[in-house]
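Read top to bottom, the protein sequences are chains W and F.
Oh and the first sequence: position 134 is 956 in the working numbering, straight run, nothing missing.
Oh and the second sequence: position 2 is 231 in the working numbering, straight run, nothing missing.
It is possible that part of the hints are untrue.
As the list claims (entries may be wrong) - Quick list of in silico lysine-lysine cross-link-like pairs, DSS-like style, CA-CA up to 27 Å: (1) F:LYS444 - F:LYS260; (2) W:LYS1032 - W:LYS870; (3) F:LYS505 - F:LYS444; (4) F:LYS389 - F:LYS505; (5) F:LYS359 - W:LYS870; (6) F:LYS359 - W:LYS1020.
Hints were generated in silico from the structure; no laboratory data involved.
Each chain, letter by letter, is given below.
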Amino acid sequence: MSDTVTDENSAAPAAKPKRPKALSMIMIGEQTQALFESARLAKENGEKVGWSASIFPQEIAETLGLVVLYPENHSAGIAARHQADPFLQECEGPLGYSNDLCAYAKVNLTYSSVLAGESEVELPDGGKMVRPDFLLLTNNICNQLTKWYENLARQLDIPIFFIDTCYNPYDYVTETRVRYVRAQIDQLIRDLCEFTGKTWDDEKFRKIMKISQCNSYLWERANNLMDRKPSPLSGFELFNYMSCMVCNRGKESTTALLEQLNAEIEQHIAEGTSTYPVEEQFRVSWDGIACWPYLRHNLHTLKEYGINMVASSYGKAWAIEYDDLDGMARAYCFASTNGDNASTMISRRLEALKKFGCEGTIYHVNRSCKVMDCQMMEVQRQLSALAGVPFTSFDGDQADYRNYSEAQFETRLQGLVEVMTQNKEAKENG
Amino acid sequence: MADLQTNLALLEAACRNPRAQLDSYLAQGKKVIGCFPAYTPEELVYASGMIPMGLWGGHTELKLAKSYLPAFACPIMQSNLEFGLNGTYKGLSAVIIPALCDTLRCMTQNWRFGVPSIPMIPIVYPQNRKSPASVEYLISEYESVLVMLSTITGQMMSEKALCDAIDVYNAHNDVIREFAALANDHLDVITPKVRHAVMKSAFFFSKDQHTAIVKELISGLKQLPVYSFTGKKVILTGITGEPDELLDILAENEIAVVGDDLAQEMRQYRTDTPEKGGGGLRRLALQWNSRHGCSLIHEDGKPRGTMLVSLCKENGASGVMNCLMKFCDPEEYDQPFFEADLVAAGYHTLTIEVDTQNTSYEQIRTRVQAFCEML
Ligand code: SF4
Ligand code: SF4
């Protein structure tokens, strides 16, 4: 899951005519570059660099001063820039993987195979996703990550530091899960210190935790400001900021960035402007990851009908709140939208549909991602009945460009618009 | 004591018609709990005085399941859900679903809402087995399962019943391993299809009954002269080596199955519950921690290839047939590594897509023929 594409080639196209890039967007590009640069420098200095799952307690690495990069995020960038093809071909060909697997994994396994000297695909970014010395793994997102990281670990002969967050079939995090996860966090800190030669500093951790909490708050706040009608932002733009929560959650640079973003949104609200380029006719929620290779087509089609995506199912996934290690354990069990049962999913979505005044849901049947799709039909049915708003789905993939049909997306959207229009008219006519 | 052929026919019949087994247990006044793949803690069901029965899909036309699962969910889960939705599983008192993969995670929820007449009991196994805390956690998961089971029986399970159940299951493991070893001396009788039926039928009998039947089988086999098999020998790996049409193609090509690493077959039997280590629940948790070489259980180093190489060596196989369940991502991630390990050790491999919804086997037939020539 996860991700966002945040650099100079940002995936969300700006409205035409081009408006000047918002300062917060420039900041996020810089932050991303800075992370890659610090990874390069760390390597140069003989420091160990890690690769991490997107909802791993990033605060741990931050406290230890370790540089960590994020494969899911990186694969999303490659896909959004339409550079995935040679990676997918290599993965399904010479590397012998099934095309059924998550396309983030496929892109990354090829990338790592190049780093290991076993493949020769040209790296479009020149290899800035530097070869990792260790892996940080959680399975709160999905189980595919566990398998993907097992493979990376063997291919690159590096250790995995793993926190098993356990799928949560209940409506709350059981206390036994909290104990298990907490014990793993403690062990992981000890093991990681031993492996990297770093020392744990409680005081620093408390500080990072505070920063992280502040960032979570700011992130949630920015998301919440989308409740204004019309919305101050074109909703897809928020995807572009997600990397600061995925990759830099415990950093002050993220605080500055999110403060700037909040200020920009507030300014739009004050001035009655919006980055959404046309009049907002309909407000919808988007369920699932963006369809990175076709973001432009998605946006273009939505815009034709004046549909703005004001809520997404996982914008809040990184709004992780806690104030100690036990709290951290509990929060990371409950953080991802994928590690939770259907009732939790439904209640979170219902809250969002209401809060943001959504008139429909577009749900991305993401060919890569079984965990997000295999219970979504039932979730959408129930959600639609509870919220009284229609939904539509379309087939796509967050990174494999072969699994999308422009015609299908257009037809499905048309269908949704018809129902939303009827609903609107019915409402207006009392 | 029934003779060899009668016993084999009994086991094959159970595989052909599990519903009859279910009905016969229900007619005896027993309660039956459906056990999804894989590693469902059957001992807890057994110790609670009920019959655990395996639910491993089957050939059926998918209709109702289409409103719950996308086309790219594995065929096992598609048909399990179809059977749940269309009433085929009526009579089960509950199902237990272990959330071992992403599809299974979702199945817990689909079942909960789609088949409310049969309660769903989830279990989430720990995957970080290097953490000592995983044992306490798993015990608590077992305890949750037990609480839900006790609402069905109205009774509490006793420690003694659990220890007895563990003995029954360990004894069953033992007898299945003995059968598997002995089967290789009688490959004329124990064809791939027959071997599969013996293994799979365990899901449709109370384990003590199955042990008794397989014991008789073993003594029947022992009375036969050792058969010197001249065909090719392979190991099967994957989730299931099904359906029979596939196994018949092996037999047609004089290929024998001399060992397996299938989740539906030997994976579950190769690790016993330790005799010591604490109370029953703790011992079961320790068994989970020593399971090995399975795509559904996280382990460092991708050890499955090495394990398959030893399986080939020990059983005189010259290749491995990977029965790759369609859309099974845990297996798909393992495949490139164990194939490479096998090839490096000089063994041939063939991957066949397993799809119980399949109706045509011509392509598979051609590929098996070509594989056979390589062996
Ligand atoms: S399978 Fe889904 S949740 Fe897992 S990494 Fe891929 S897209 Fe993300
Ligand atoms: S995907 Fe594989 S492991 Fe998961 S339920 Fe299907 S066959 Fe079993």
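Given hint LYS870 of chain W paired with LYS359 of chain F - CA-CA distance at most 27 Å: Between LYS359 of chain F and LYS870 of chain W the Cα gap is close to 23 Å, so the pair holds against 27 Å.
Holds or violated: LYS389 of chain F to LYS505 of chain F, with C-alpha atoms at most 27 Å apart: 14 Å, holds
Holds or violated: LYS359 of chain F to LYS1020 of chain W, with C-alpha atoms at most 27 Å apart: 22 Å, holds
Distance restraint between LYS444 of chain F and LYS260 of chain F, which requires alpha-carbon spacing of 27 Å or less: This hinted pair holds, its Cα atoms lying about 26 Å apart.
Pairwise hint evaluation, LYS870 of chain W against LYS1032 of chain W, where the allowed Cα distance is 27 Å at most: Since the Cα atoms of LYS1032 of chain W and LYS870 of chain W sit roughly 26 Å apart, the hinted pair holds (cutoff 27 Å).
Pair hint outcome, LYS505 of chain F versus LYS444 of chain F [Cα-Cα no greater than 27 Å]: 26 Å, holds
Figure legend: structure checked against the earlier numbered hints; every hint is met.
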